[in-house]
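Asks: Sequence:
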Amino acid sequence: MLIYLHAVSPSIPHTSNDSYKLLKTCEDEEAILQSSDENDDIEVIIRSPPPPSCGPFSKYCFLIPIAFIVTYPIEMFPILVRWYLKLSNTQITLLILILFFSNAILINKDALQDQIYLKVIPNEAAQSSNTVERLDKVTPNMTFDDAIEKNSIWNKYDLEAMIQPGCIKRTPGHDRWCDYEVKGIRMFDFQNRIQNIGCEPLAATPKDKGCVKKLAEFVKFIESAKPDYAFMFTRFFAVADPFDKNNTDLEKDRTYLEMRSQLNKFLPSIKKKLFILDSFPRAKSSYIGNIAKDLKKGKKIEEVSKSILSPSGYERGRLRHAALIKECNGKCELIDYLPLLWNNSTRMLQYFDNTGFSYFTTPNHLSAHGIELRAVWIPRGEEPPVQPKANLHEKKCLLSCFWDAKDMLYYELLPQGRTVNATTYSNQLASLALALRENRPLKLFLKEKRFAKYEALKMTVFDFFDSQSAAFGKKGIDDLPERWLTVVTNDGQYIVY
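Quick note on this note's numbering: the sequence shown kicks off at 12 and runs consecutively.
Source of the hints: derived by calculation from the structure; they are not laboratory data. These numbers come from a predicted model, not from an experiment. Some hints here could point you the wrong way.
[Claimed, not checked] In silico DMTMM-like pairs for lysine to aspartate or glutamate, Cα to Cα no more than 20 angstroms straight-line: (1) Lys256 <-> Glu326; (2) Lys469 <-> Glu423; (3) Lys120 <-> Glu171; (4) Lys284 <-> Glu344; (5) Lys342 <-> Glu234; (6) Lys337 <-> Glu423; (7) Lys342 <-> Asp289; (8) Lys307 <-> Glu160; (9) Lys307 <-> Asp364; (10) Lys310 <-> Glu326; (11) Lys224 <-> Glu269.
Start from the sequences, fold in the hints, and give me the full structure.
Replies: Structure representation (structure tokens):
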């Protein structure tokens with residue numbers, strides 16, 4: 012799906028609120044697409060909220076009336092018969108009507124609940140406020156049972172919840188094809204022109220003839236719209252197609268060359284910026300409803316995370332996107348959810364929080380809880396909160412140091428682009444043990460400079476530690492409690508100050 016924004020005159024009247032949020036779907040309600048290299052069918056299960064419970068023995072509640080009827084059949088029957096025969100025609104008519112309407116309400120209670128919930132959504136979104144309220148209504152004291160109920164509601168009302176207030180319908184037969192105008196920004200959706208909304212703007216699988224034809228339509232629409240900003244929010248399918256003969260050379264890759272061709276046609280018509288959603292693993296739709304239930308049963312977070320992930324070759328999409336951004340000369344930017352979904356404790360992707368609230372719905376959209384992963388607008392002049400650094404700088408080299416309060420014990424400067432894994436760390440510990448035995452007082456020196464060559468950086472690192480006083484190592488040890496507290500407070504993330 013592609014959304015583009017135009018700046019318009021602020022004098023144009025509008026009634027949209029400050030905390031307006033736009034969320035649009037990129038596929039039909041009746042079609043769930045899957046990439047050509049997936050072998051498993053995706054089953055979508057829409058679950059209703061759990062019925063109210065009457066305690067730990069709720070499943071045995073039905074035995075109470077049964078026991079009563081079985082125990083007193085002789086006494087009950089004559090009483091009911093005598094009572095019924097004494098009723099007048101008017102009373103019998105009223106009794107029939109009461110039973111009829113009671114049955115009608117019970118049968119249609121889900122439909123009535125739908126209507127009430129769907130009226131609440133636009134009313135809450137339309138409330139004017141200087142502060143942005145949480146979209147998911149999740150509070151810290153909620154339990155697994157609350158997560159089960161919330162997940163079920165988000166799954167059930169996923170498509171309906173995407174219909175935002177202020178929609179100006181482009182297509183009468185489809186409620187989600189809209190134009191919007193918010194605070195001087197006019198927003199349009201590609202879907203009004205591209206009827207096959209399962210197609211991607213950047214690439215199409217050759218076997219999908221319908222989407223191959225739509226690529227030209229995307230280009231024509233952008234050329235006619237000439238947006239200031241354009242956004243591509245699509246789940247990966249074609250952009251993650253397998254490489255031809257496992258050849259990862261992108262200059263010979265059909266999919267990447269098609270993506271680059273499309274991009275070069277888009278960019279001249281986009282005035283300021285193009286934002287592209289980067290690929291990340293999909294969630295298994297059939298398991299989303301079981302997340303909180305399994306956590307409640309005692310399953311570990313790692314087990315649940317393994318059960319829900321469906322990678323499906325997303326790495327190929329990320330590789331192509333990364334190369335594609337370099338073709339933009341600063342005019343493109345990736346929107347990457349992968350760092351937000353990474354759990355540093357388990358070293359795994361986690362598509363739910365520790366209470367079981369899912370970040371995704373069964374149609375594989377972001378849930379209300381998942382939307383809260385991204386920072387929202389803050390009042391002008393207010394300082395933003397400390398945020399984890401999403402990406403490390405590619406040009407930096409990682410320096411590992413081991414010291415105590417007296418001296419530098421061991422260091423290792425890793426080659427550019429390399430990070431520490433289990434093997435590297437084990438080797439470092441072995442080298443540290445050797446250094447402790449052979450050459451404890453190692454000092455190096457590092458000046459704050461840019462280095463064109465690795466050898467130049469290495470020599471400067473030696474000089475840095477050689478020039479340090481005895482207080483250098485002691486200060487590093489003394490500062491550890493404060494640094495540890497900062498890391499723990501921010502869940503072990505790299506911090507941007």
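Asks: If a hint holds in the structure, say so; if it doesn't, say that too.
Replies: The hints, checked one at a time:
no. : hint              : in the structure
1   : Lys256 <-> Glu326 : 17 angstroms, holds
2   : Lys469 <-> Glu423 : 10 angstroms, holds
3   : Lys120 <-> Glu171 : 18 angstroms, holds
4   : Lys284 <-> Glu344 : 8 angstroms, holds
5   : Lys342 <-> Glu234 : 16 angstroms, holds
6   : Lys337 <-> Glu423 : 31 angstroms, violated
7   : Lys342 <-> Asp289 : 16 angstroms, holds
8   : Lys307 <-> Glu160 : 13 angstroms, holds
9   : Lys307 <-> Asp364 : 13 angstroms, holds
10  : Lys310 <-> Glu326 : 28 angstroms, violated
11  : Lys224 <-> Glu269 : 13 angstroms, holds
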